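Peer 1: If you want the building blocks of each chain, they are given just below.
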Amino acid sequence: MKQTSTTYGILAEYDSTHGIYGACEKVRDAGYKKWDACTPFPVHGLEKAMGLSASKLPWMVLGAGIAGAALAIIFMVWVSAFDYPLNIGGKPTWSIPAFIPVMFEVTILFSALVTVFGMFWLNGLPSWHNPLFQSVRFERVTDDKFFIVIESSDPLFDQVRTQKLLEDTGAINTEVLEA
Amino acid sequence: MQTATKISDDMRVPSKSFWHKMPIIAFMLGVTCILYWIGAFKADPHRAMYGYLFAFICVLSIALGAMFFVIVQYLSRAGWSVVVRRIAEFAMWTMPLMLLLFLPIAFWAQDIFAWSHIEPGDILLEKKASYLNLNFFMVRAAIYFAIWLTISWWFYKTSAGQDAGNRPEDTRKLWAMSAPAVILFSMSLTFASIDWLMSLQPHWFSTIFGVYFFTGCFLAGMAFMTLILLCLQAAGILTKTVTLEHYQDLGKLMFGFTVFWAYIAFSQFMLYWYANIPEETEFYMHRLQHGWEYVSYAIPFTNFFLPFFFLMSRHAKRNKIGLATFCIWTLLAHFFDLYWIIMPNFGAHGLPEGVQPPHASISANDLVLLAGMLALLVAYVSYLIVRKNIIPIGDPKLAESLHFENA
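Just so you know, the sequences run in chain order A and B.
Counted the way this note's numbering counts, the first sequence spans residues 1 to 179.
Counted the way this note's numbering counts, the second sequence spans residues 1 to 407.
If you are wondering where the hints come from, they were derived from the structure by calculation, not from laboratory data.
Mixed in with the good hints there might be a few duds.
Unchecked claim - Just a sample of chain A residues kept apart from chain B, beta carbon distances all over 12 Å, derived:
1) 34
2) 62
3) 80
4) 88
5) 91
6) 100
7) 104
8) 106
9) 124
10) 138
11) 154
12) 155
13) 167
14) 175
15) 177
Claimed, not checked - Estimated spans, in silico, between C-beta atoms of each pair:
16) B:276 x A:104: 18 to 26 Å
17) A:88 x B:309: 27 to 35 Å
18) B:351 x A:92: 25 to 33 Å
19) A:156 x B:309: 54 to 62 Å
20) B:294 x A:108: 57 to 65 Å
21) B:252 x A:121: 39 to 47 Å
22) A:101 x B:314: 27 to 35 Å
23) A:101 x B:319: 31 to 39 Å
24) A:52 x B:168: 19 to 27 Å
25) A:134 x B:309: 29 to 37 Å
Remember, predicted model here, so these are calculated numbers, not experimental data.
Each residue gets a CB set at the ideal place from its N, CA and C atoms; glycine is no exception.
Only chain A is shown next, with the shape it has when bound in the complex (with noise of 0.2 Å):
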């Protein structure tokens, strides 16, 4: 084991849900904030184990959707009724209800991106590496196997004393992973 100051975290492994579950939350009472559990399939009610607050995404999404919405009908109302007006079966220039459908597309469109895009943002994607996957056991997490792993740029981070606590929370296993 090396002690290095280009260590980027340590890595427990646990068996079960149950374990990582209760362990997620000793971690969380202890303050750790740069921290993250890795599961092979969603654990209901981890998040709350985390103390995770909830998505910022909504809100991105909700701007999106209104910048779309008015985007569209500035662009329709300028190109239709200003720039070139054109006598379309003799209605007004300006017919909302011709803007209608476009403008709920480009909502959409608008919606449906920043939901794919900011969700990869907030997961810090796309990335080619993560030094998570030096270690060995760390394959089983797409398998069977319970991880969570506490950065050294968590402000608490302290290797002997953060690796005695996960050891405490009844991990299988600890290891200090370089960066």
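Take the given structure of chain A and dock chain B to it, following the hints.
Peer 2: Chain B alone, transformed into the frame defined by chain A:
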């Protein structure tokens, strides 16, 4: 077992509860309102029957919406909704009351439907007479009620039969029957909306009308059911089984159908507005004049923009006061929408050239009758609530529903 004790606490309405007085109070209120309306009927049967049709469609749409909710839970093999489903089953099993309330419409159909007396030279109606005639109208109404009574009776009976226990195989039967039931339901509802609403303006037609009415039905059914749940919980009943998670899902469904309603309503409008063909725009032309234009311009706000932005928030769906406000609003907005569909037709058909149809007006008689029919509906539903199990305790998916959480 922990869950077993929890459920038995919530299975029946406690004997001291105020809910035991509800059936008789609501029944008395309903009868009083209807007696009041009979005075108006004696003065002007023609106008009063229009109000009757309006009030009847309002309460019928609640029962039909609840019926669709029940069918679709089985169709999708849903687990989350088990603890709230029984209330929808009660609301759909009010169908015998609906049949009773329909009878006056059958008797006074000539006062309501202009196509029942075709004026000579009305070629369109002469062509439509093979469908729009009183005999066939009655046969069709009998078929709709036969379908609705059968569906609501069988689904309620089979679900309630599981309460005694040891009948988990019935769930498979309910799943299997939900597929034909949803087809029969949607066909009968579509044709009923054509017969009872669209044919009020017999020259006009809309291919999307059945979906439009269906969406309103579902919203009304959901709002009614959620309101009943909230009222039961306010009285300390069902508090251990129905959680905010269930309310959030009911809210989500209502939010989705609010958007769907707007989508359908706007689709119908935009196509007619774009094509601008007289026999299609007739519906909107009349509703954009004669005082109805205020209603027409208000409906997008009352039925879409306000509920849309209100219910978008997760907090509004998980707040009982907020959700109850929304349910009341949705029910009123749905009634408003039906008033806008039905009432402009009064006295508007077969007018001589140059004569304007009557100006928009609202009659207190219509509202009193609506209150009366709603009271009868509440009386019927609360009668079932205090006498039956209000949770389907024998449903194999009950445990899943009790532990349901929005991820």
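Peer 1: Run every hint past the structure and note whether it holds.
Peer 2: Checked hints:
1. At roughly 24 Å, the least C-beta separation between residue 34 of chain A and chain B is larger than 12 Å, which holds for a residue marked as non-interface.
2. At roughly 8 Å, the least C-beta separation between residue 62 of chain A and chain B is not larger than 12 Å, which violates its mark as non-interface.
3. With a cut of 12 Å on Cβ distances, residue 80 of chain A stays outside the contact zone with chain B, its closest approach being about 14 Å.
4. Not every CB of chain B lies more than 12 Å from the CB of residue 88 of chain A, the least distance being 9 Å, so the non-interface label is violated.
5. Not every Cβ of chain B is farther than 12 Å from the Cβ of residue 91 of chain A; the closest lies at roughly 8 Å, contradicting the non-interface assignment.
6. The Cβ of residue 100 of chain A sits about 6 Å from the closest Cβ of chain B, inside the 12 Å cut-off, so the non-interface label is violated.
7. Not every CB of chain B is more than 12 Å from the CB of residue 104 of chain A (nearest about 8 Å), against its label as outside the interface.
8. Once the 12 Å rule is applied to beta carbons, residue 106 of chain A is consistent with being away from chain B; the minimum gap is 16 Å.
9. Every beta carbon of chain B lies more than 12 Å from that of residue 124 of chain A, the smallest distance being close to 21 Å; the non-interface claim holds.
10. Against chain B, the non-interface label of residue 138 of chain A holds: every CB pair exceeds 12 Å, the least being about 25 Å.
11. Every Cβ of chain B is farther than 12 Å from the Cβ of residue 154 of chain A; the closest lies at roughly 27 Å, confirming the non-interface assignment.
12. For residue 155 of chain A, the condition that its CB be more than 12 Å from all CB atoms of chain B holds, with the nearest at approximately 31 Å.
13. The beta carbon of residue 167 of chain A is kept farther than 12 Å from every beta carbon of chain B, the shortest such distance being approximately 31 Å.
14. Even its closest Cβ contact with chain B, about 31 Å, leaves residue 175 of chain A beyond 12 Å, as expected for a residue assigned away from the interface.
15. Consistency note on residue 177 of chain A: stated as away from chain B, and its beta-carbon is indeed over 12 Å from all of that chain's, at 29 Å minimum.
16. For the hinted restraint 18 to 26 Å between residue 276 of chain B and residue 104 of chain A, the CB-CB distance of approximately 22 Å keeps it satisfied.
17. Between residue 88 of chain A and residue 309 of chain B, the C-beta spacing of about 31 Å keeps the proposed range 27 to 35 Å intact.
18. For the hinted restraint 25 to 33 Å between residue 351 of chain B and residue 92 of chain A, the CB-CB distance of approximately 29 Å keeps it satisfied.
19. Taking 54 to 62 Å as the suggested C-beta distance range, the pair residue 156 of chain A and residue 309 of chain B does not conform, at roughly 42 Å.
20. Here the CB-CB span from residue 294 of chain B to residue 108 of chain A is close to 31 Å, at odds with the stated 57 to 65 Å.
21. At about 26 Å, the CB distance of residue 252 of chain B to residue 121 of chain A disagrees with the hint of 39 to 47 Å.
22. One distance hint, 27 to 35 Å for the beta-carbon pair residue 101 of chain A and residue 314 of chain B, holds here, with the actual separation near 28 Å.
23. Look at residue 101 of chain A against residue 319 of chain B: about 34 Å separates their beta carbons, and that is inside 31 to 39 Å.
24. At about 38 Å, the beta-carbon gap between residue 52 of chain A and residue 168 of chain B misses the expected band of 19 to 27 Å.
25. In this structure, residue 134 of chain A and residue 309 of chain B break the distance hint of 29 to 37 Å, their C-beta atoms being roughly 49 Å apart.
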